[in-house]
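K.L.:
What follows is the residue order along each chain.
2 protein chains.
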Amino acid sequence: MADRVRHIPEATVARLPVYLRSLAELVDEKTATVSSERLAEMAGVNAAKVRKDLSYLGSYGTRGVGYDVEYLLFQMSRELGLTHDWPVVIMGAGNLGQALANYGGFTDRGFPVAALVDADPSKVGQTFHGVEVHHVDDLPKIASDRGVRIGIIATPAAAAQAVADQLTAAGIRSILNFAPAVITVPEESSLRKVDLALELQILSFYQQHSQPDPEASGSRT
Amino acid sequence: MADRVRHIPEATVARLPVYLRSLAELVDEKTATVSSERLAEMAGVNAAKVRKDLSYLGSYGTRGVGYDVEYLLFQMSRELGLTHDWPVVIMGAGNLGQALANYGGFTDRGFPVAALVDADPSKVGQTFHGVEVHHVDDLPKIASDRGVRIGIIATPAAAAQAVADQLTAAGIRSILNFAPAVITVPEESSLRKVDLALELQILSFYQQHSQPDPEASGSRT
DNA sequence: TCGCCCTCGTGCACGATTTCACAAAGGCCC
DNA sequence: GGGCCTTTGTGAAATCGTGCACGAGGGCGA
Chain A
16 MADRVRHIPE
26 ATVARLPVYL
36 RSLAELVDEK
46 TATVSSERLA
56 EMAGVNAAKV
66 RKDLSYLGSY
76 GTRGVGYDVE
86 YLLFQMSREL
96 GLTHDWPVVI
106 MGAGNLGQAL
116 ANYGGFTDRG
126 FPVAALVDAD
136 PSKVGQTFHG
146 VEVHHVDDLP
156 KIASDRGVRI
166 GIIATPAAAA
176 QAVADQLTAA
186 GIRSILNFAP
196 AVITVPEESS
206 LRKVDLALEL
216 QILSFYQQHS
226 QPDPEASGSR
236 T
Chain B
16 MADRVRHIPE
26 ATVARLPVYL
36 RSLAELVDEK
46 TATVSSERLA
56 EMAGVNAAKV
66 RKDLSYLGSY
76 GTRGVGYDVE
86 YLLFQMSREL
96 GLTHDWPVVI
106 MGAGNLGQAL
116 ANYGGFTDRG
126 FPVAALVDAD
136 PSKVGQTFHG
146 VEVHHVDDLP
156 KIASDRGVRI
166 GIIATPAAAA
176 QAVADQLTAA
186 GIRSILNFAP
196 AVITVPEESS
206 LRKVDLALEL
216 QILSFYQQHS
226 QPDPEASGSR
236 T
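Chains A and B supply the protein sequences, listed in that same order. 16 is the number of the first residue of the first sequence in our numbering; add one for each residue after it. 16 is the number of the first residue of the second sequence in our numbering; add one for each residue after it.
What the hints contain is simulated information worked out from the structure, not anything from laboratory work. It is possible that some hints are incorrect.
Pairs count within a copy or across copies, as identical chains cannot be separated in the list.
Stated by the list, open to error - Straight-line Cα separation of at most 30 Å, BS3-like style, residue types lysine-lysine; simulated pairs:
1) K138 / K156
2) K67 / K156
3) K208 / K45
4) K156 / K45
5) K208 / K67
6) K45 / K138
7) K64 / K138
Can you build the whole structure from these sequences, using the hints too?
P.N.:
The following block contains the structure:
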């Protein structure tokens, strides 16, 4: 149905990778077909949502049977653009940047780290986990030479906006921001944020509100 | 107005830390009062949303003037439970766990790392960035001795659920999961997820769809 | 003290997302 | 080949979150 309509809700897009991971697990355990119910359980959502989400990709299920695991996996990979690797650059070779370069989770899942980039000349030329640090002035060249389309900001908050601008100038329009700062990018760019301390603060909120704090005056939950 | 009503929407809760950060910046630059408009700009949202969000905390603004920065900062810190530190444990002393222990961003923002915990005896006793690795069997003791209420899962996906259960058993009911796996926790626990590869996959989707199809769009902030 | 101006707090309409419920459709057994 | 059973795909309703528009209220100048 939603074949011509190329608009997939943002909330759905955010769940697709979770389904993808579940499907990969099913392939590993040699399961041939899967029902929306089973997939829902694996992905931690509800079955109706799974069916609606998958229907945005097309009608890939078989009524009375379920979804063919391999076929769905392939279609979803294609939709997510994961049929090939996407090299990334990490901006900032400090603590966080090094840690990210060191973290195998990116490369494993099709996002090899093409380069670390830093403004500090003393860092340039060093290597972390096989990834070389380049100077930020070389960013445009690196990006075009290596086909980098995704940039990861791992600088201090103060530098984040400037770095985002440099990425944009280098033609990189997908940005993942780890810096604890609000940054703006051009309309046509995509921006996602990961703020570690922010997540903890949210947990703190719920912790605070889950049980009556003897110190807090008055209010009940 | 919403004084008796203690229910703050999840979406609002997720924005409070962003406002908090903006307020901290304003304090640094010695700004005494701030309008919803200014705060909105700093937080990257719209002014009406700021006012609505803040109204859940109480009527802390002054019409015609704006919000008193220090007072609002205090009230918000209190609401978020950030008037004191929350020690955390990091489960898993592998690549990611070490990196997180090494990352100063937690301690700086009131979440000191009390301990690293691992199941591997050969890791126990080692120290990373001043944080000692303990055996997982000692988790309950560590948690109660040090008042740890928040656990961070930094293990491989396969171990994530078991570790979540161990945290729960140790009385820890706020969990931040970095492992690329869906885990379930008891009803009364809070769970937040950070999946690095998943974020990149989402970016990949929009990248994939921005190019061939001129009408597709990315996410904005 | 009076009145004007500015910005908050919020009712309301709208849009997005979730959930329900069920008809349609494919496979399988007899 | 027909009917039954299962599970999808999808309208429609319910819920949640957003943004607008405006009345209320407070400060400040005259």
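K.L.:
May I ask which of the numbered hints given earlier this structure violates, with the numbers listed in increasing order?
P.N.:
Of the numbered hints, 2, 4, 6 and 7 do not hold.
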